[in-house]
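Participant: These are the residues of each chain, in order.
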Amino acid sequence: MKPDDPDILWVDEPKLGLAGKLYLPLIAQGLTTTTKHLFGKKVTVSYPDSEPEIANPLIYRGVHRLNRDEQGRVKCVACFLCATACPAHCIDIIGTESPWEDREKYPESFTIDELRCIYCGMCEEACPVDAIELTSLYNLTGRSREEMVFDKEKLLSVFDQTKDAEPMKSQTVANSLADTTPPKGGAS
Amino acid sequence: MWEALIKIGLLIFVIMTAVAYFVLLERKVAAWVQDRKGPNRVGLPLTKIRLFGMGQPLADGVKMVLKEEYIPGHVDKALYVLAPISILASALATFAVIPFGSIWPTADGYIDFVVAPGFDAGLIYVFALSGIAVYGVILGGWASNNKYSFLGGLRSSAQLIAYEIPLSLGILGIVLTAGSLRLDTVIAQQAETGMWNAFVQPLGFVVFLVAATAEAARLPFDLPEAEQELIGGFHTEYSGMKLVMYASAEFLHMITAAFLIVILFLGGWHFWGITGSGTEITWVTALLRVLVLFAKICLVVFGFMMVRWTLPRFRFDQLMALAWKVMLPLGMVNLVLVAAMVEYFNNAVAEKPLMVFLVMTGLMLVSIVVTAVLAPLGSRNERSPVGDLPT
Amino acid sequence: MAKVWINDQEIELGDDERLNGIQVARRAGVDVPHYCWHPGLSVVASCRMCLVETGSKNAETGEVSMMPKLVPACQTPAKDGTVFVTDSDKVKHARAFVEEALLIDHPIDCPICDKAGECYLQDYHFEHGQKERRADIKPFTSRRRPMGETVTLFVDRCVMCTRCVRFTREITGTNELMTVQRGAHEEIDVFPGFPLENKLSGNVVDLCPVGALGDQDFLYSQRVWFMKTHNSVCTGCSTGCSIRVDENQDEVYRVRPRENPHINKWWMCDDGRYGWRYIHDDARLIGPEIQNKQDANADSGANGDGPLPGPMEWSTVIAKADEDVRAAGRLAVVLSPYLTVEEAFLLCTYAREVDSQVLIALGPVPQLGEDETFPSGFTIHAEKAPNRRGVEEVAASFGKALSFEELLPKVAAKEVSAVWVTAGYPQANWIDESAASQLAKADVLVVQDIFDSPLWQAATHRLPSATFAEKEGSYVNFANRLQSVPWAIRPPAGARSEGGVLWRLLGRTGLYQAKQVLAEVTREIPYFRAAADGVSEFGIDLTIGMLAEA
Ligand code: SF4
Ligand code: SF4
Ligand code: SF4
Ligand code: FES
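Chains as they are written, first to last, in my numbering: chain A, 1035 to 1222; chain B, 12 to 402; chain C, 13 to 562.
Isolated chain A (complex conformation) (with noise of 0.2 Å):
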């Protein structure tokens, strides 16, 4: 990128004041907000004691997990393209030519080093089939590096557990856009 390329937008430091030229007064001023702060309220939540409060479990990133579709089969048409997008590269997929009648392709395996992952949810984006989902699953552990790589069966399993709570994310979308009613009233 050259300097004078376009899409450089220069920006130029603000001229200081007497004020900022003795630097003392803004000094007293930085101390005044950290002091403010030395007695305001704490955001701490004191896990485990308290939990913490999430306050949309529809956009959290915890624990991913994988759907299934209306017949219970696993929705992942094996297309890697969450692996493309993971930047963590943790997602490790073993497709092949699925079993079933109208599907073409299925993952054989899916991996998720869940120690690996920065649960940054590029994955769920990148989902062409919204077969991936991050839950708000967030207080994971194990006792070894093993046991934090998720097979599928286990992504399967996290997806039993939550669906009751989180339904698929597809399909809060399309209801809450079928709810959608023409809103009253104003230009139509």
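Everything labelled a hint here was simulated from the structure, so no lab data went into it.
If a hint is listed, it holds; no wrong ones were tucked in.
In silico DSSO-like cross-links for lysine-lysine, where the CA-CA straight-line distance does not exceed 30 Å:
| id | chain 1 | residue 1 | chain 2 | residue 2 |
| --- | --- | --- | --- | --- |
| 1 | B | K39 | A | K1075 |
| 2 | C | K15 | C | K69 |
| 3 | C | K453 | C | K422 |
| 4 | B | K39 | A | K1070 |
| 5 | B | K336 | A | K1049 |
| 6 | B | K59 | A | K1076 |
| 7 | A | K1203 | C | K143 |
| 8 | C | K240 | A | K1186 |
| 9 | B | K39 | A | K1076 |
| 10 | A | K1075 | B | K59 |
Over the 12 Å line for every Cβ pair with chain A, so calculated as not near, a few chain C residues:
| id | residue |
| --- | --- |
| 11 | A113 |
| 12 | R342 |
| 13 | D444 |
| 14 | E445 |
To give an idea of the chain A side of the interface with chain B (calculated C-beta under 8 Å), a few residues:
| id | residue |
| --- | --- |
| 15 | K1055 |
| 16 | L1056 |
| 17 | T1068 |
| 18 | H1071 |
| 19 | L1072 |
For glycine and all other residues, C-beta sits at the position ideal for the given N, C-alpha and C.
Following the hints, position chains B and C with the ligands against chain A.
Facilitator: Leaving out everything else, chains B and C with the ligands in the frame of chain A:
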């Protein structure tokens, strides 16, 4: 002999414990400033008693001690091991001349609250040792054989050399008025007049405060470490006990700086009305003096911590500009002012203290404003003309 | 000299160059999208993706007269004064509409399509298509039916370019594929009972611009964007087709032909295309070993203090092999036709250094059936080794080379006491018991091989070696064309390329540098001199060097 040994033992115990708890305090202050609670879990081992996290330093210590003594393969082994030892040793040795109280009356006279009483070159000694500290940093950075460490070491040397000068200038004023390099004399003189040097030489106080912060490499002057840019700087490659040595040496520097500030400018153990000023005292007063001193130290340290979580780090050119363009001239001005006062109004401090304070403060404000206008810190931030930049 | 204009650029053509619009545009750095045209096939101009504006420039007046309609660039020859406009709005609209029409019937199942990532439909749509799809989105699947053992057809993904059909007509002459039905219902198919089965069938997968033809062997095993591509040479036969090896994390997933006008054009045969799986065979030899000779050769003076323990360090084994070979006395080496030129040269150099009277023999050259030539001229050779010519020439430059059969009795008669055999044959039974037992008479028998064999069992020093994908070096094909290629993957842990071992034996430091060795070869051996100034990706013809030699 025994007296000195007991003093040393007591001092090291108190100071190292203080270091541990200052670490805790720092974490707590950090948490509070950031609206968190801070470490509050570790209390008495094996019980559920949490004691607001007071057990944390102990746990940290145990953890650090039990860590593997790891020496990376690419380092210069001898220097690598030597560096933290030298820095910790010099930091501890500084306390030999620093009075941690006044005196303790005994049947046949009194005991000085200082390891090496009556040492005439006290201030020089302190400076000599703080000069050695920079070796620890440079050695560590060099021996680590790591670019970040090396940069940290280089920054540190440049920074310490630059700030030694305003630091000394700040002290020169004190030496002029006190007429001695002995720290207890300095305190005694302040106690006698009741006018702390901070009031007599406010400009010197400001210069010294800033320079001492920089010497202790506390934020906003912690460029040698600069986690974000140098991932720890000179101690990137250190772990376990060696890291502890570095960390405690750093806290010791801060405590030394606090001691110097309190002793030189804030009256040491003196407080109006409760500590008296002479050597004819009871043990109650002696104890009070120690308490006052420690209270002041704690306050100054707390101030350091608040500053740390308030101010962002300087850029290196700003750091240097501050040293050479601002602190150095201000230090000179202070020296001249104090010299003039000592020469022409020698009795003014005793006779018209308020007058001295007002005049000195006024002169300080004037000189600060003049410097700020002449050498603003934010300079050299303009956009380089297009084409000058590397493409 | 003909002058042609592409948009604003002027291109000069050679006197006897016959290029179409797509080709001249490419020369000007302008890409004209196309589906049905392929340089190796006849022109049908059926896809209409390559539509451009054309006209001619009057040489005297400089006046340009354009044709009113768009024409397919693939079918429009470039003549003196021809003008092509490829970036006008008219052309852009035409492309967008062709793309839209193609997508009306397309299932857009890119997520499960193997071609995604290298699909022309995707790329062209991205570049030339409309932003929105106006057709309804159809189900996410494509009908599928096998065309033969190797190739499967995803019917709905096809864009009816008929490249595949023309391939079986013009290149293989086998005519298996055809179009059935008409109009929007047109499909590719085979006659019932006559599946696509010829030795070049895999090429239709590469030809297909979209994901309609899938390779059964590669199907669903990797997404193409995960793989890295390396130039290589097929070692299946002495044709030495230029290929690309597609690999991900040291695992090869497929092999494709690489365009080389001098050797294989755009094609390669199925034997080579599917014949590389042995690279990842579990039976590959790993871990060097030293076996003592006392049972096989009790009367020899070899130290008889029991077998050396377990897995050994390469450095130890190499040092020991060197020591034993030097101690043994007379030496014979066997050059496998699977060696690269550089490796053969290093081995001969080493052998000559150890024993100036060394016997150099050529390893057996596997032959299988007859040469097979297709109507297009593409030939699969019966000689199933990549580098007989190269190895022969290297050996010849070190004195008269024996044949493998001539060497055997000499070893059996103990004329030599040490034998260094390089093998690397993918064929499991390249050597029989009797030949192996004759070679086993030697006191020191060093074998570099990739699979277990009677000879391996008889060897005293066993050095697992590397396959073609794992080593860099040069091969000379049947027609004296030398190609230099890099390695694509690393050998399995415990195996080392012959070149790497010999490099160490000769006391050279650092990594094995095939380029450096090739430079030595071209200096030392006249036959290889043509390669002295570097080798292009199409290889270099060595016949000149042969003439000089004669
Ligand atoms: S959340 Fe991010 S890091 Fe984790 S698997 Fe998904 S894409 Fe990878
Ligand atoms: S993106 Fe979705 S469909 Fe594709 S592999 Fe990942 S989970 Fe499966
Ligand atoms: S299968 Fe492929 S090559 Fe054959 S006509 Fe269809 S798109 Fe073209
Ligand atoms: S490429 Fe020209 S019409 Fe198909």
